[in-house]
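Protein chains in written order, with the numbering used here: chain A, 1 to 885; chain B, 1 to 885.
A portion of the hints provided could be inaccurate.
Just so you know, same-sequence chains aren't split out, so a pair can sit in one copy or run between any two.
Below, in silico cross-link-like pairs of lysine-lysine (DSSO-like), each with a Cα-Cα straight-line distance of 30 Å or less [said to hold, decoys possible]:
(1) 194 <-> 62
(2) 335 <-> 322
(3) 819 <-> 512
(4) 659 <-> 510
(5) 419 <-> 163
(6) 576 <-> 230
(7) 825 <-> 794
(8) 654 <-> 793
(9) 659 <-> 634
(10) 725 <-> 794
(11) 799 <-> 757
(12) 799 <-> 819
(13) 815 <-> 799
(14) 223 <-> 591
(15) 271 <-> 300
(16) 799 <-> 654
(17) 793 <-> 659
(18) 793 <-> 720
(19) 634 <-> 654
(20) 482 <-> 638
(21) 725 <-> 793
(22) 510 <-> 194
By construction, these hints were calculated from the structure, which means they are not laboratory data.
There are 2 protein chains.
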Amino acid sequence: MSFKKYVYFFGSGKADGKANMKNLLGGKGANIAEMTNLGMAVPAGFTISTDACMAYYDNDKKYPPGLWDELQKNLLKLEDTMSMKFGDSNDPLLLSVRSGARVSMPGMMDTVLNLGLNDRTVKALAAKSNNDRFAYDSYRRFIMMFGDVVLEIKRENFEDLLKKKKEEKKVKSDNHLSADDLKELVDRYKAIVKNKKGFDFPEDPQEQLKMAINAVFDSWNNKRAITYRKLNGISGDWGTAVNVQSMVFGNMGDTSATGVAFTRDPSTGEKKFCGEYLINAQGEDVVAGIRTGKPILDLKKEMPEAYDTLESIYQKLENHYKDMQDIEFTIQDKKLYMLQTRSGKRTAAAAVRTAVEMVKEGLIDKKTALLRVNPEQLGQMLHRIIDPKAKLAVLAEGLPASPGAGVGQVVFTSEHAEKLAEQNQDVILVRLETSPEDIGGMDAAQGILTVRGGMASHAALVARGMGKCCVAGCSDIQIDDKNQTFTVNGAVINEGEFITLDGSSGRVIKGKAPLIKPELPENFFEFMSWADQVRRLKVRANAETTDDASKARKFGAEGIGLCRTEHMFFDKGRIKAVREMILAETEEARKKALDKIIPMQKGDFKEIFKVMSGLPVTIRLLDPPLHEFLPHTKEDIKELARDMGVSEEVLSDKSRSLKEMNPMLGHRGCRLGITYPEIYEMQVRAIIEAAIELTKENEKVIPEIMIPLIGHVNELTFLKERVNKVAEAVMNEKGNKIEYSVGTMIELPRAALTADKIAVEAEFFSFGTNDLTQTCYGFSRDDTGNFLLDYFKKNILEKDPFVSIDQEGIGELIKIGVKKGRKAKSDLKIGICGEHGGEPLSVEFCHRIGLDYVSCSPYRVVIAKLAAAHAVLKESKSSKHKIRI
Amino acid sequence: MSFKKYVYFFGSGKADGKANMKNLLGGKGANIAEMTNLGMAVPAGFTISTDACMAYYDNDKKYPPGLWDELQKNLLKLEDTMSMKFGDSNDPLLLSVRSGARVSMPGMMDTVLNLGLNDRTVKALAAKSNNDRFAYDSYRRFIMMFGDVVLEIKRENFEDLLKKKKEEKKVKSDNHLSADDLKELVDRYKAIVKNKKGFDFPEDPQEQLKMAINAVFDSWNNKRAITYRKLNGISGDWGTAVNVQSMVFGNMGDTSATGVAFTRDPSTGEKKFCGEYLINAQGEDVVAGIRTGKPILDLKKEMPEAYDTLESIYQKLENHYKDMQDIEFTIQDKKLYMLQTRSGKRTAAAAVRTAVEMVKEGLIDKKTALLRVNPEQLGQMLHRIIDPKAKLAVLAEGLPASPGAGVGQVVFTSEHAEKLAEQNQDVILVRLETSPEDIGGMDAAQGILTVRGGMASHAALVARGMGKCCVAGCSDIQIDDKNQTFTVNGAVINEGEFITLDGSSGRVIKGKAPLIKPELPENFFEFMSWADQVRRLKVRANAETTDDASKARKFGAEGIGLCRTEHMFFDKGRIKAVREMILAETEEARKKALDKIIPMQKGDFKEIFKVMSGLPVTIRLLDPPLHEFLPHTKEDIKELARDMGVSEEVLSDKSRSLKEMNPMLGHRGCRLGITYPEIYEMQVRAIIEAAIELTKENEKVIPEIMIPLIGHVNELTFLKERVNKVAEAVMNEKGNKIEYSVGTMIELPRAALTADKIAVEAEFFSFGTNDLTQTCYGFSRDDTGNFLLDYFKKNILEKDPFVSIDQEGIGELIKIGVKKGRKAKSDLKIGICGEHGGEPLSVEFCHRIGLDYVSCSPYRVVIAKLAAAHAVLKESKSSKHKIRI
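Next comes chain A alone, as it looks inside the complex (with noise of 0.2 Å):
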């Protein structure tokens, strides 16, 4: 009868498997079986496949058949390789045993060193070794590692025990305890496995294998890898595969070591050569950090023949893999054995140094360079970040909703903000929620603390425009206005204490905590170049002053995507003609108000414009509800009704009558461009106006004019007339004509159902990506904090549609809508400006379905162009298509 195959042996420098079997083998099995094939020196094994695990499972947690026969021939190879038996009472064969699943999973089982000693088989290792302290030691470390990852008695009780040893005998290090000393631990950390779990410590090597192999299979499903596929997109169908490896020993004695090294610096992606090693060790010791490991170029002096291998080994790794290599070697009475290798983890600008570079010497094409950097982490270059080494107090969590970090004193308020930013003081502004009147106090802090809203809430949206970190949503904190101070799990924070914000993680720390400033690598534009080389989608950014639109062209950005009129009326000098206009109780005393306002709009418009000559500038009307530019508190209506001359009485009816149930589905969009039509007519001229005078000026102005919150296409039609109205009559005036088109947002449902008919007025379309989540899932951005969590906990939601497209739902209806508008007009330019577009899921999705353009925050820019190149090379991957760089 014959069986699946399940077992890949490898030993004597060939190997059943090879480098792009990782499906099958696990990344380190097939890097293995690979550096087997390429001659290198690795302890001799096999690995038991990812088939075997589901096999497995499938197999109600029974060794499906012939994998136990499969298994012992091969370890009856392995025993023929090394000349050794497995349990043997002279030369016994010991073993590792890990876990290898397709990429690299926390929460698996890790590693059992010297599987397959007992009180027999240590005997013979001292006794063929000549070194009891190193049987024993040996020993030791293989109870304490099977107590710990198989039988799960947890590691501090063996831990424990050693401390108490090293007391006893008044020793610094482990390395200075004697083999009777060992002994003794040996016989202890077994009373402990006694006495936890009420049977002996295995004794028989093979049930020793099965157990920890069975471990290894059972921590696919454990809790915590559960949770990290989730959160990671990894299909549970994939299984983990087992690798069981002939032991060699680095702490054997003064001329072994064990060590883990990087091909190039993975902080800064300098070429050169980085690692630790420790002297007389197992590899354990180095990743555990229980001694300080020396510098790698010290291995040339201690170990020179030993380090001159690993130094063309690590070379030619690196040619091999074409990427740097992060390996893992030990070196048993100075022979070296590699054990493990596999791509190195590095930052972002490493990852774009080293991808530059690397093209530079011929290892890599651009394409290939362009896939080795992650577009999302290219954020962390752009932002200070928290200096990773700093021990952080950590208040609490709240959600990522702004990346970089912050320190400052917390305010509560945004006046208090703006005036101690005026004394150059750093301030945190710590508030419910924030909402347009606190633009003033965001721009003036550090940092913004939310303790209601999602990722899409007002604070998230404004802080990402602005580069600022925030961390919104963090519902443990309760503040206490009366008293200016917030509590947090069980902490009081004042008004005036320090704290640091980290938006990219969402903790909230007591304290001054020190920050990194950020710093591009040298080849980033360059690098960025052939981004742009690859990429079809256009990246257009959301900005609204001089300020960020200049940071948007800077990082590259092909035109505004969304330019929102609303935050240029919240300015200190306007307020009050705005909040004129909103009183006004005919046509003329708002026309009025309105004429006050559009000197200062078209001189807005003229900067941004200037700042983007040549590009397009897409101006979306004004969309918020108008009792949003109101006053709120008590002295704030006062002092208005004085400036106005109108009774508080009035003042407060008015602002009441203007409030909504539910604001975001109230009277604001285009409807108010419906009703106060007056309003739009005075922005449309501010715009022709501003584009006239510019182009005067031999600026090239391509201004796009944006309705938002259309649902039915007659508010489209009854709007564009009107503005077509203006900009005839403009134009007329000064006697000049420009090019200018007429478009609308798509962001609620009804208008991506009815594209068809809306895009016969339009002359694009624009998803408002965050509306339509909220539309279409019912979810408002600022009252989501209260249940998102949860959510996600239960496993109900994987990703917060507001951070990434929800492609199931939303993206359908993005898709009807593309496919309905482009029905009725082929040649529809169609973007997004919601703040999806500057998250590469989302991005590859606006690829995917064909979109023009996405736009999003100018800080993420770069990460938006980076996705669309990668969105390109995945589908020529896919379809063949060649891409030329």
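Using the hints provided, position chain B relative to the given structure of chain A.
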């Protein structure tokens, strides 16, 4: 050269047209032709077709080629037939010119009589009739009508002069003015024309004719007509016909008369000839009510011959048209002429009675009988209405949010409403808007008036469910809380003053208007049984009280499609336990509070199940955000804090922390069920226990557990598992198995878009079209008041999407949901339970797309049933599929 035929002659017992040519000749023209062909005495004339009208518009408001000549030819033929000449100085032919569109349309130009009169022909008329008074009476009438409808001089100008003349002459009736008086009036009338228009009254009969015809054509596109068409879905391309007919005179003396009559009683449907007539008058006098007519039966004595002819004609017409006819006639010197016949407008009661009786008489079949009654109209019979004869002081108009009428004293709080109601006083509850806390007050009131909110606002939905009248979104009202008054268009109404609401028209009326009680016609249920035999769509009711459920069952509901459990939580005896539940800080405390609620919920369910024994009852688990249950006023918070032994601060904090920016898109529906699973578990336990206990009492209980606001299938999977677990547990405890099903509402766009995934888990779908309209359109039902009226005025929307399903947008989404749902599960039961379920156009839509049932408020069940039958009959008409009753 031959042209298209535009003019259709009738006279001497023969007509070019016939009854089925309504589209071409208009209703009036087609019926005149038909009566001519039936051999009835109809004054000869011709009809200018609707095609001519459209050709006139297509030709830039000029006559199309050939029309004028054809018209002259027909005029000659008419002169021949009548042996008179148009404009002749001896025997002048006089004409009436009347509009006549395919359907009767208010706003169109109506009638010009006596056309052809001028200073010359009037003398001939006088000579020939030997009746000066008659001739000048006809002349002054002609000038007034022509001045009014052709020259657009306000009618009052002429009526004032007539009134003045009567005062001068000290006579009461215009009948008592002499020929000389009338001659003088003619001069004064002409002076008005000259004064207002700047030209002399046209003397040339041909010019008069052309001007009158053009006036009819032009009136097709006047503002009122356009608005009417928009509101009633009439195409602007239909055009109107023009009927030109030789005059007969009811004002030739005491042997002449004019009248209108119905072949059956239009109020009750009783089979008796009704109507009225005026001696010595022209048609308009009857219609305008200038003089009071005599009952038609008096004619039998006054003019027995004419009456006999009329009697045989009306019977002949009813038999011919097989429908109740509304006829116009004129008696000229004892000879009867028929001027018009058409289907008579009737009340709902008359419509039902007539339809049923005509079936019994063998006049029509049951299918025709069903189509004779407008489903929407049925509502009239179910609610009190304001006596149509009453004179009303209308204060303002709001949205007609729930039909019927109510009279009561104004109160501003629900507590006050309840208190007065206990003292048997009638009240009208006036609120800015209502919330679930107002349920008690709404129940106690005779009607509800709100300042804000649309057709699907809380007030509207609840009032409709209660069958109580409601006027919503009456934004002209300002409530002054301090003084307990409201002002409306200048008037101040104090608390305690009586007002009347007309929820069918939206009118708010000062004082007590007389109301008429609703009464079902005897044969109503027989009529409905025919509808039941025809329709495919099942009709259920939305009900959550025993009262409502009983009402629903009486009206023939086939189950409950939506039982909202939250309304049960507001009961005075329960709200305390509910609040305890919400304020609980731990799961245990929450469970303890829920344990208090469970017996109450179980009791509710038992009652409803009992009423609905044998029919399915769909129970929706808790839906609204929790903060709706918390007290909002300071006093209430104080009281609750005292009762619960917590501080007011804790209570306000909790209440504030539950407050959301957009509660409609917030923490509600299944999201509550996921974060607080114990709430749904309590409800499921109550349902299953109730069902088991009743099953033991031999009631047949069919519970359907409905989970609201599902957006992602994972939500349903998560909750369904828990529902089933609780149900299993209860059944095990009680040792009794019952059948139940678990389904979901589809009320978010994402749910419809991913219906294929959701259907795998759901046993039924129920479209929540209110929420679907809110999210798909981005319209908050509570906030649309601010702009929807403006949308209608500006012709952006024709219909309120909360009243009739927006088939283009929301309908598209529903179709996607149905298609995807059935693709995954072909026998999936699908219904709707939004308010649209009782609106005829929406019901027809639901039928067309293949839903299984609609569910609506109990009062609309019969409307929905008839609409569902109509849907089948209309479908079979177009598909030729035979329906048998």
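Alpha-carbon proximity between residue 659 and residue 634, which holds within one copy, between copies, both or neither at 30 Å = both (16 Å within a copy, 21 Å between copies)
Between residue 223 and residue 591, at a C-alpha cutoff of 30 Å, which is it: within one copy, between copies, both, or neither?
-> between (63 Å within a copy, 28 Å between copies)
Under a CA distance limit of 30 Å, which applies to residue 482 and residue 638: within one copy, between copies, both, or neither?
-> Classified as both; 21 Å inside a copy, 20 Å across copies.
Measure nothing new, just compare the shortest in-copy and cross-copy C-alpha distances for residue 576 and residue 230 to 30 Å and report within, between, both or neither.
-> Close neither inside one copy (50 Å) nor across copies (41 Å); limit 30 Å.
Alpha-carbon proximity between residue 510 and residue 194, which holds within one copy, between copies, both or neither at 30 Å | neither (43 Å within a copy, 91 Å between copies)
Are the CA atoms of residue 825 and residue 794 at most 30 Å apart within a copy, between copies, both, or neither?
-> between (44 Å within a copy, 27 Å between copies)
Quick one: residue 819 to residue 512, C-alpha cut-off 30 Å, is that within a copy, between copies, both, or neither?
-> neither (52 Å within a copy, 58 Å between copies)
Identical-chain pair category, residue 799 with residue 819, by Cα at 30 Å | For residue 799 and residue 819, the Cα distance is within 30 Å both inside one copy (26 Å) and across copies (27 Å).
Between residue 194 and residue 62, at a C-alpha cutoff of 30 Å, which is it: within one copy, between copies, both, or neither?
-> Classified as within: same-chain Cα gap 26 Å, cross-chain 109 Å, threshold 30 Å.
Is it within a copy, between copies, both, or neither that the alpha carbon of residue 634 lies no farther than 30 Å from that of residue 654?
-> Both: 14 Å inside a copy, 24 Å across copies.
Copy assignment of residue 725 with residue 793, given that the CA separation must stay at most 30 Å | For residue 725 and residue 793, the Cα distance is within 30 Å only across copies (21 Å; inside one copy 54 Å).
Status of residue 793 relative to residue 654 across identical chains (alpha carbons, at most 30 Å) | between (43 Å within a copy, 23 Å between copies)
Checked against the numbered hints above, the structure breaks hints 3, 5, 6 and 22 and satisfies the rest.
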